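Enquirer: Mapping of the sequence shown onto this note's numbering: position 340 corresponds to residue 655, and the numbering continues sequentially without gaps.
The hints are simulated quantities; they were obtained by calculation from the structure and are not laboratory data.
Check before you lean on any hint, since a few could be wrong.
Straight-line alpha carbon distances no greater than 20 Å define the calculated SDA-like cross-link-like pairs of lysine to any residue that follow [to be verified]:
{"hint": "1", "residue 1": "K461", "residue 2": "R778"}
{"hint": "2", "residue 1": "K361", "residue 2": "R502"}
{"hint": "3", "residue 1": "K362", "residue 2": "K397"}
{"hint": "4", "residue 1": "K474", "residue 2": "R541"}
{"hint": "5", "residue 1": "K362", "residue 2": "G759"}
{"hint": "6", "residue 1": "K867", "residue 2": "D382"}
{"hint": "7", "residue 1": "K489", "residue 2": "A543"}
{"hint": "8", "residue 1": "K489", "residue 2": "S837"}
{"hint": "9", "residue 1": "K461", "residue 2": "D416"}
{"hint": "10", "residue 1": "K547", "residue 2": "G472"}
{"hint": "11", "residue 1": "K547", "residue 2": "I509"}
{"hint": "12", "residue 1": "K362", "residue 2": "R541"}
{"hint": "13", "residue 1": "K648", "residue 2": "D565"}
{"hint": "14", "residue 1": "K474", "residue 2": "A452"}
{"hint": "15", "residue 1": "K397", "residue 2": "E426"}
{"hint": "16", "residue 1": "K489", "residue 2": "G570"}
{"hint": "17", "residue 1": "K781", "residue 2": "R858"}
{"hint": "18", "residue 1": "K461", "residue 2": "K518"}
{"hint": "19", "residue 1": "K648", "residue 2": "D569"}
{"hint": "20", "residue 1": "K781", "residue 2": "S539"}
{"hint": "21", "residue 1": "K781", "residue 2": "N439"}
{"hint": "22", "residue 1": "K648", "residue 2": "D567"}
{"hint": "23", "residue 1": "K361", "residue 2": "I509"}
{"hint": "24", "residue 1": "K547", "residue 2": "S476"}
{"hint": "25", "residue 1": "K474", "residue 2": "A548"}
{"hint": "26", "residue 1": "K361", "residue 2": "T512"}
{"hint": "27", "residue 1": "K397", "residue 2": "T504"}
{"hint": "28", "residue 1": "K361", "residue 2": "T413"}
{"hint": "29", "residue 1": "K867", "residue 2": "D376"}
{"hint": "30", "residue 1": "K867", "residue 2": "K781"}
{"hint": "31", "residue 1": "K547", "residue 2": "E596"}
{"hint": "32", "residue 1": "K362", "residue 2": "F605"}
{"hint": "33", "residue 1": "K781", "residue 2": "R834"}
Remember, predicted model here, so these are calculated numbers, not experimental data.
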Amino acid sequence: MRTAAAIAIAAALPVALSAAADGPAFRDMTAESGIVFRHHNGAFGKKYLPETMGSGVAIVDIEGDGDQDVVLVNGMDWPERKRGTFTSALFRNRGDGTFEDATRGSGLDFEAQGMGIAAADIDNDGDTDLFLSALGADRVLRNDGKGRFTDATAASGIKESDFSTSAAFVDHDKDGDADLFVCNYVRWTPATDIRCTLDGRTKSYCTPQPYPGSSSRLYRNDGSGRFADITKAAGLEDATGKALGVAVLDYDRDGWPDLAVAHDTQPNRLYRNLGNGAFEERGLSAGIAFDENGRARGAMGIDAADYDGSGYPSLVIGNFSNEMKSLYHNEGKGFFLDSSAASGLGPASLLNLTFGAFFFDYDLDGWLDVFLANGHVENDVQRVQENVSYAQAPHLMRNVGGGRFRDFAGASPDLARPLVGRGAAYGDLDGDGDLDVVVSTNGGPARVFRNLATARGVRVQVRGVKSNRSGLGAEVRLRSGARNLSHVVRSGSSYCSQSELAATFGLAGGASAGPLEVRWPSGVVDTVPSVTAGELVIVEEGRGAVERRPLKPAR
316 MRTAAAIAIA AALPVALSAA ADGPAFRDMT AESGIVFRHH NGAFGKKYLP ETMGSGVAIV
376 DIEGDGDQDV VLVNGMDWPE RKRGTFTSAL FRNRGDGTFE DATRGSGLDF EAQGMGIAAA
436 DIDNDGDTDL FLSALGADRV LRNDGKGRFT DATAASGIKE SDFSTSAAFV DHDKDGDADL
496 FVCNYVRWTP ATDIRCTLDG RTKSYCTPQP YPGSSSRLYR NDGSGRFADI TKAAGLEDAT
556 GKALGVAVLD YDRDGWPDLA VAHDTQPNRL YRNLGNGAFE ERGLSAGIAF DENGRARGAM
616 GIDAADYDGS GYPSLVIGNF SNEMKSLYHN EGKGFFLDSS AASGLGPASL LNLTFGAFFF
676 DYDLDGWLDV FLANGHVEND VQRVQENVSY AQAPHLMRNV GGGRFRDFAG ASPDLARPLV
736 GRGAAYGDLD GDGDLDVVVS TNGGPARVFR NLATARGVRV QVRGVKSNRS GLGAEVRLRS
796 GARNLSHVVR SGSSYCSQSE LAATFGLAGG ASAGPLEVRW PSGVVDTVPS VTAGELVIVE
856 EGRGAVERRP LKPAR
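Could you put the whole structure together from the sequences, leaning on the hints where they help?
Expert: See below:
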């Protein structure tokens with residue numbers, strides 16, 4: 316049953332939320348943006364499993380200049396069929412929402428069968444570092460503060476060489492530095508590749524069932540950017556896992572960051588942080604391990620947020636085609652209710668295969684919506700399933716109140732165009748106060764969708780001092796009218812991707828709101844009496860608002 320608080324909040328939602336907004340919400344601005352990137356998966360007919368799984372995207376301020384840059388993860392050729400050189404890419408924001416290719420000499424111009432990316436300041440020196448996951452050796456890239464990276468993998472102590480996918484930095488022990496959780500998928504090599512088929516004749520990409528699983532890993536940061544593998548000591552060793560996505564959340568509101576991990580054809584996990592450096596698996600008892608029929612879904616991307624104002628973070632999970640995408644509502648008692656069908660999100664997304672998935676307030680009405688990046692893994696799936704296509708249009712699920720969502724992607728012609736979506740992230744690319752979206756595609760071009768909202772949001776950036784510099788785990792709260800809005804600063808989420816760390820709040824047409832509170836992992840609470848729509852507020856731990864400036868005009 317839904318909690319009394321959630322029912323009361325739903326009943327109080329304005330009726331206007333039930334009506335679809337007028338006009339398109341997003342426009343494809345890829346060509347105008349200057350982001351020219353095509354993912355290379357190395358496919359040459361053998362249908363090796365890793366080819367179809369990549370890859371991710373990060374929206375992150377690399378230079379610390381306040382503008383959001385874009386990093387796109389790439390694959391490479393297989394040794395037996397070498398056709399060229401392919402690297403990940405860094406696109407530097409010029410300050411107006413257009414980008415220049417800054418890959419050459421950036422430290423990202425190396426080859427790898429790349430999968431995912433996570434970003435945080437791992438050494439608390441004031442700039443944002445990167446972790447890139449891959450099939451084979453993962454990379455730790457340390458930022459020099461000028462937008463160039465040094466390969467610090469050996470010095471970091473991380474020796475990850477499995478089939479890694481999503482990752483997230485998290486200060487799991489609240490000691491003031493960013494630790495790292497890495498999802499691992501299956502045990503696979505070209506020599507152990509298994510022949511699967513959809514039609515009994517031709518080879519297809521396998522599901523993960525035939526392959527043995529691989530444990531995800533937790534690495535503890537010693538404060539200098541050197542990590543130790545504490546997976547076993549933390550109670551996270553699990554050789555049956557087939558993890559593709561991770562979301563950081565405090566699901567029981569005890570002040571410690573927990574981990575929700577999406578697994579492909581295996582039960583999803585929910586690791587409760589015990590506060591002593593160890594975790595306890597609660598996925599089954601919390602109700603997120605299986606679907607309503609007791610079956611494990613093919614879970615991909617995942618995100619966590621309080622989408623209905625209940626005070627507790629819920630979960631959205633992207634699943635395989637012919638499986639409803641999961642919306643698990645946090646009931647506030649350590650239990651999640653599968654709201655996929657009742658919310659409308661599940662039926663609308665049934666036929667699609669969803670990788671990237673995240674909550675964000677795209678229309679700045681103060682209520683969190685959902686974006687789903689879709690695309691099948693099998694390029695000729697339509698030969699055997701007529702109602703399922705390889706390229707699939709994204710879903711833009713608008714929060715219409717009462718715990719329900721309506722697909723609004725069709726109102727934006729550019730969003731309605733099919734693509735083979737994988738990673739997806741959001742961020743304010745042009746600095747005008749609304750949230751744009753970047754989607755990576757498998758074997759195709761990245762896509763940049765510019766938000767056309769005319770409303771003005773409030774943006775909040777945080778800077779830790781006693782807590783980790785990136786502010787991971789800080790909860791930003793804003794009183795807006797009769798409602799409490801919240802955003803937890805977090806790394807990772809979606810699929811193999813990371814959205815910007817800043818918080819963006821829509822004020823539903825209001826000109827101001829307050830107070831704004833930032834509750835830090837250290838226990839420090841900073842308060843800003845009021846904020847105004849159309850402004851950026853930078854909050855430093857222990858000092859409150861250290862800078863306020865107007866956002867750029869809406870584009």
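Enquirer: Which hints from the list above does the structure break, by number from lowest to highest?
Expert: Of the numbered hints, 11, 12, 18, 28, 30, 32 do not hold.
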